[in-house]
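A.B. asks: Here is what each chain is made of, one letter per residue.
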Amino acid sequence: MRELYDFVRGSVAIAVRGNRAYYAWMALLLVLALQGVAAYCHQARTGLIVTNMRDPVSWAFYIGNFTFLVGVGAAAVMLVIPAYLYDWKPIKEVVVFGELLAIAAMVMCLLFVLVDMGRPDRFWHMLPFLGSLHLPMSLLAWDAVVLNVYLCLNLVIAGYLIFSTFRGRRYNPRFVVPLVIFSIPMAISIHTVTAFIYNGMAGRPYWNSAILAPRFLASAFCSGPVVLLILFQIVRRIARFDIKDEALHKIAELMAYAMGINLFLTGAEIFKEYYSDTQHLVYFQYLFSGLHGRRSPIAIYGWAAMILGIAAFILFVIPRTRKNPITMNLGCLMIYGSVYIEKGIALLIPGYTPDVLGQVYEYVPSATEVRVSMGIFGIGFLLFTVMAKVAVATLSGRLAATPR
Amino acid sequence: MEERQQGTERKLSRREVLQGLAALLATLASSGCRTGGSPELDAFLQKHFWRLTPAELDAVLARLEKQYAERFGKPVSVKATPPLEGVTFAYALDIARCIGCRRCVYGCVEENNQSRNPQVHWITVLEMDKEKGVNLQYADAFYDHALVPEPDKFYMPVACMHCENPPCVKVCPVNATWKDADGIVVIDYNWCIGCRCCMSGCPYGARHFNWAPPDLPPEDLNANTEYLGNRPRPRGVVEKCHFCIQRVRHGQYPKCVEVCPVGARKFGNLLDPKSEIRYILENKRVYILKEDLNTQPKFYYYYGI
Amino acid sequence: MRNAAGLRKALIQACVGLAALVVLISIVRSEDAPRKAEPVQGPAGNDEVAVAPPPFSEEIFPCSGCHEDLKVNTTPRQLKKNHKEIILHHGDRWCLDCHDALARDKLHLANGKLIDFTESFRLCGQCHGPTLRDWRAGEHGKRTGNWSGRKQYLLCVHCHNPHAPRYKPMEPLPPPVRPEDIR
Numbered sequence: 001m002r003e004l005y006d007f008v009r010g011s012v013a014i015a016v017r018g019n020r021a022y023y024a025w026m027a028l029l030l031v032l033a034l035q036g037v038a039a040y041c042h043q044a045r046t047g048l049i050v051t052n053m054r055d056p057v058s059w060a061f062y063i064g065n066f067t068f069l070v071g072v073g074a075a076a077v078m079l080v081i082p083a084y085l086y087d088w089k090p091i092k093e094v095v096v097f098g099e100l101l102a103i104a105a106m107v108m109c110l111l112f113v114l115v116d117m118g119r120p121d122r123f124w125h126m127l128p129f130l131g132s133l134h135l136p137m138s139l140l141a142w143d144a145v146v147l148n149v150y151l152c153l154n155l156v157i158a159g160y161l162i163f164s165t166f167r168g169r170r171y172n173p174r175f176v177v178p179l180v181i182f183s184i185p186m187a188i189s190i191h192t193v194t195a196f197i198y199n200g201m202a203g204r205p206y207w208n209s210a211i212l213a214p215r216f217l218a219s220a221f222c223s224g225p226v227v228l229l230i231l232f233q234i235v236r237r238i239a240r241f242d243i244k245d246e247a248l249h250k251i252a253e254l255m256a257y258a259m260g261i262n263l264f265l266t267g268a269e270i271f272k273e274y275y276s277d278t279q280h281l282v283y284f285q286y287l288f289s290g291l292h293g294r295r296s297p298i299a300i301y302g303w304a305a306m307i308l309g310i311a312a313f314i315l316f317v318i319p320r321t322r323k324n325p326i327t328m329n330l331g332c333l334m335i336y337g338s339v340y341i342e343k344g345i346a347l348l349i350p351g352y353t354p355d356v357l358g359q360v361y362e363y364v365p366s367a368t369e370v371r372v373s374m375g376i377f378g379i380g381f382l383l384f385t386v387m388a389k390v391a392v393a394t395l396s397g398r399l400a401a402t403p404r
Numbered sequence: 001m002e003e004r005q006q007g008t009e010r011k012l013s014r015r016e017v018l019q020g021l022a023a024l025l026a027t028l029a030s031s032g033c034r035t036g037g038s039p040e041l042d043a044f045l046q047k048h049f050w051r052l053t054p055a056e057l058d059a060v061l062a063r064l065e066k067q068y069a070e071r072f073g074k075p076v077s078v079k080a081t082p083p084l085e086g087v088t089f090a091y092a093l094d095i096a097r098c099i100g101c102r103r104c105v106y107g108c109v110e111e112n113n114q115s116r117n118p119q120v121h122w123i124t125v126l127e128m129d130k131e132k133g134v135n136l137q138y139a140d141a142f143y144d145h146a147l148v149p150e151p152d153k154f155y156m157p158v159a160c161m162h163c164e165n166p167p168c169v170k171v172c173p174v175n176a177t178w179k180d181a182d183g184i185v186v187i188d189y190n191w192c193i194g195c196r197c198c199m200s201g202c203p204y205g206a207r208h209f210n211w212a213p214p215d216l217p218p219e220d221l222n223a224n225t226e227y228l229g230n231r232p233r234p235r236g237v238v239e240k241c242h243f244c245i246q247r248v249r250h251g252q253y254p255k256c257v258e259v260c261p262v263g264a265r266k267f268g269n270l271l272d273p274k275s276e277i278r279y280i281l282e283n284k285r286v287y288i289l290k291e292d293l294n295t296q297p298k299f300y301y302y303y304g305i
Numbered sequence: 001m002r003n004a005a006g007l008r009k010a011l012i013q014a015c016v017g018l019a020a021l022v023v024l025i026s027i028v029r030s031e032d033a034p035r036k037a038e039p040v041q042g043p044a045g046n047d048e049v050a051v052a053p054p055p056f057s058e059e060i061f062p063c064s065g066c067h068e069d070l071k072v073n074t075t076p077r078q079l080k081k082n083h084k085e086i087i088l089h090h091g092d093r094w095c096l097d098c099h100d101a102l103a104r105d106k107l108h109l110a111n112g113k114l115i116d117f118t119e120s121f122r123l124c125g126q127c128h129g130p131t132l133r134d135w136r137a138g139e140h141g142k143r144t145g146n147w148s149g150r151k152q153y154l155l156c157v158h159c160h161n162p163h164a165p166r167y168k169p170m171e172p173l174p175p176p177v178r179p180e181d182i183r
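Residue numbers (the numbering used here), protein chains in the order written: chain F, 1 to 404; chain U, 1 to 305; chain S, 1 to 183.
Don't read these hints as lab results, they were simulated from the structure.
You may find that some hints are simply not true.
[Said to hold, decoys possible] List of simulated lysine to any residue pairs, SDA-like, C-alpha gap at most 20 Å: (1) Lys-130/U x Gly-358/F; (2) Lys-142/S x Gly-251/U; (3) Lys-168/S x Ile-95/U; (4) Lys-170/U x Pro-136/F; (5) Lys-274/U x Thr-88/U; (6) Lys-170/U x Gly-203/F; (7) Lys-284/U x Tyr-302/U; (8) Lys-9/S x Gly-86/U.
[Claimed, not checked] Chain F is nowhere near these chain S residues, computed Cβ spacing over 12 Å in every case: (9) Ser-57; (10) Phe-61; (11) Asp-105; (12) Asp-116.
The beta carbon of each residue, even a glycine, is placed where N, CA and C say it ideally should be.
All chains, full assembly: derive it from the sequences and hints.
C.D. replies: Here you go:
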């Protein structure tokens with residue numbers, strides 16, 4: 001207990017100390033978070049009418065961000081597989097950062113679900129036994145279960161690893177390794193279940209495609225690790241923490257394969273819709289061109305996602321550009337943007353436009369939605385920054401129960 | 001946490017406090033006990049409809065009646081009429097006769113206490129081209145002509161189909177919506193968490209959300225309400241057609257059936273061989289919207305002539 | 001339902017139905033005082049179903065009030081003095097094809113049989129047979145009252161003007177507010 005208290009105190013000290021860039025970064029995140037809270041208070045007071053969601057487009061910006069972040073959380077497994085399954089040392093030491101990213105992503109996911117609910121005061125209805133969780137039929141109920149299990153799993157694993165290091169004790173592999181192995185199917189399951197929520201809706205032909213779950217996983221694995229790649233480069237530079245180039249290159253290589261699969265699956269979807277040319281083509285038409293002679297407002301995003309995705313794949317698949325820091329980081333930003341659009345706007349909006357009765361409501365996020373979303377990202381990045389800083393300090397020995 | 005002795009008293013450890021709070025919350029939630037008469041807390045802790053004992057249900061209805069009377073300044077009755085036995089409701093709409101006058105839409109609004117602002121309509125009337133047939137990609141819900149019917153158009157009102165295999169019931173994470181024994185798909189507005197999964201799942205756009213607190217002027221209130229039906233809804237929950245439970249479970253027709261000036265709407269008990277609904281299914285050319293989705297609706301479209 | 005409770009329930013529903021009928025008649029084009037509902041053959045042939053009384057214009061019935069003393073002229077023609085406000089637009093026929101020349105308070109079928117105005121559906125049903133069949137089954141026509149128990153039937157003429165039956169287009173109620181206009 002005493003050690004826990006020291007750890008918390010030490011972590012707080014780490015969190016509030018840093019260089020000017022760090023303060024600027026934290027200040028920015030704090031501002032984002034606080035304005036997000038203020039925007040949410042406005043929404044909580046007035047109702048979801050302050051968003052631009054309406055009956056035809058009943059899920060939009062919040063759930064789009066949620067879907068993207070579930071993918072980011074699932075991507076932690078990208079590091080776990082080579083580290084623990086193949087016992088590849090260069091990655092093993094950085095696996096914990098993947099788990100911290102998963103924690104931050106899960107927290108953001110749960111926040112996005114909370115702000116999207118019409119009655120957040122009734123959240124307890126989703127608790128098993130106390131409430132009435134509709135298992136096994138409701139995929140949303142399953143999602144609630146697996147997301148929380150995954151969050152707890154990562155909290156336990158990462159917390160245990162970091163705290164053991166803090167105490168100077170070696171972690172007990174028999175406790176941690178089974179949990180880590182378990183987190184692999186858990187990571188796959190969170191994104192598969194999220195995909196099944198969309199996939200299972202027969203009334204939404206844009207989503208009712210068998211390859212939606214594989215597409216989700218592929219795009220998750222090619223975009224989630226971006227945050228880690230950028231983090232590792234920062235950490236290498238400013239903290240006394242050694243991360244080998246090998247680790248970064250391996251992560252980038254795995255991402256390249258995931259990008260290839262993602263592009264292939266997307267291509268398969270596009271072929272099926274355009275070649276078969278059924279009525280269901282209207283959703284892709286809204287995404288890439290327009291309906292009834294009108295130019296679609298989201299066409300630019302649809303094309304941007306495609307072009308950025310292809311460009312990023314090219315940069316990552318060629319070893320030279322993958323290893324070059326400039327092109328690698330450029331590729332990272334491109335794939336992050338591409339998948340953010342693909343899992344956000346390009347997933348949600350065409351699913352609802354035109355709606356089930358053929359009517360078109362052109363949705364754009366409202367100011368409140370953007371503000372609340374930025375606030376949640378601010379909270380998530382804040383959380384991740386603090387956790388990462390504590391992890392770096394602990395793993396490098398600066399933060400220890402008995403200083404080395 | 002170490003326990004510290006302070007005289008003869010023992011300070012509660014943090015763990016004990018948390019355990020106690022959890023136990024208290026669990027007890028309150030699972031017992032649904034009256035918490036000293038605070039309606040807000042009663043509302044927050046209200047159990048799922050299936051778990052309410054008859055006494056608890058009566059208490060809920062009484063609380064709601066009091067709440068509505070305070071809000072609207074007149075007595076409101078809230079009943080929880082159970083389904084009739086030996087009844088499966090079905091609905092038929094003659095699209096050869098519908099002229100798209102929308103009197104059903106507004107009749108429903110008046111009968112079922114929908115919010116006027118923001119506007120909530122449970123029935124959407126689609127205008128389609130006779131040449132193109134039933135093709136939703138060319139349907140228009142916002143037609144605004146001086147007179148209807150337009151010569152080369154036909155009209156198809158859409159509302160909840162009360163499917164046998166309802167996607168909305170399947171996806172609801174908290175069992176806030178279910179298909180009752182008489183076939184009506186109902187919503188418990190006090191259990192719905194407003195996640196809107198059901199709205200995404202419904203292929204007919206039948207479910208509507210209260211994006212803002214519903215605005216219902218007291219003079220427009222229909223004071224004869226049902227708990228699972230037309231009682232004034234709170235904000236942040238989903239609502240939809242329920243075949244006018246407050247009418248049909250007492251033998252009457254839904255409001256839309258009675259208000260239709262051309263007799264295009266028919267309703268009845270599918271299990272009664274002498275009902276007009278059976279006559280229609282046995283003698284008329286009937287079709288189902290989006291039949292390939294296997295939702296098996298209880299709302300049939302037919303050609304009367 | 002053969003027991004007393006069932007009969008009582010049916011009776012109450014019929015009374016409620018009749019009350020609703022009174023309201024209904026005031027909506028439809030008649031201002032006549034409601035008379036006792038006359039039973040009529042129902043769909044199974046031996047059910048008795050109440051039908052609302054005919055929607056006469058004010059003081060027009062009984063026709064014999066004027067026609068008892070008037071000369072009978074069976075020449076098909078355009079009426080110039082009385083009843084000239086009636087626009088006849090119902091196929092290729094004129095007044096006495098349906099109204100009886102001698103028994104003015106009755107209508108006559110094609111075979112000459114006289115029927116009351118309260119049974120005018122038999123006259124319409126001569127040409128509109130499938131519609132009459134559907135009406136008896138409860139499928140055709142405005143449906144009010146109770147789906148369980150006694151149904152309320154209207155005569156054809158309650159909705160269709162027998163002289164010019166074609167419906168005129170009517171003004172629709174306003175379209176729904178577009179989602180983008182909901183604030």
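A.B. asks: Decide, holds or violated, for the assertion that all CB atoms of chain F are farther than 12 Å from the CB of Asp-105/S.
C.D. replies: 53 Å, holds
A.B. asks: Can the restraint linking Lys-274/U and Thr-88/U be considered satisfied, given a maximum Cα separation of 20 Å?
C.D. replies: 14 Å, holds
A.B. asks: Do the alpha carbons of Lys-170/U and Pro-136/F lie within 20 Å of each other, as the hint requires?
C.D. replies: Cα-Cα ~9 Å, so holds.
A.B. asks: Lys-130/U and Gly-358/F: Cα distance at most 20 Å?
C.D. replies: 16 Å, holds
A.B. asks: For the pair we were handed, Lys-9/S and Gly-86/U, check the Cα-Cα distance against 20 Å.
C.D. replies: Judged against 20 Å, a Cα distance of about 17 Å means the pair holds.
A.B. asks: Hinted pair, alpha-carbon criterion (20 Å max): Lys-170/U, Gly-203/F. Please report holds or violated.
C.D. replies: Distance ~13 Å between Lys-170/U and Gly-203/F Cα, so the pair holds.
A.B. asks: Are Lys-142/S and Gly-251/U close enough, with their CA atoms no more than 20 Å apart?
C.D. replies: Distance of about 17 Å is within 20 Å: holds.
A.B. asks: Is the straight-line distance between the alpha-carbon of Lys-284/U and that of Tyr-302/U 20 Å or less?
C.D. replies: Holds, because 6 Å separates the two Cα atoms, which is no more than 20 Å.
A.B. asks: Could you check that no beta carbon of chain F comes within 12 Å of the beta carbon of Ser-57/S?
C.D. replies: Since the minimum Cβ distance to chain F is about 44 Å, Ser-57/S lies beyond 12 Å and the statement holds.
A.B. asks: Does the claim that Phe-61/S lies outside the interface with chain F hold up, using a Cβ gap greater than 12 Å?
C.D. replies: Holds, because the least Cβ-Cβ distance between Phe-61/S and chain F comes to about 49 Å, which exceeds 12 Å.
A.B. asks: Does Asp-116/S clear chain F by more than 12 Å, comparing its Cβ with all Cβ atoms of that chain?
C.D. replies: 48 Å, holds
A.B. asks: Starting from Lys-168/S, check that the Cα of Ile-95/U is at most 20 Å away, please.
C.D. replies: 17 Å, holds
Violated hints for the displayed structure: none, as all numbered hints are satisfied.
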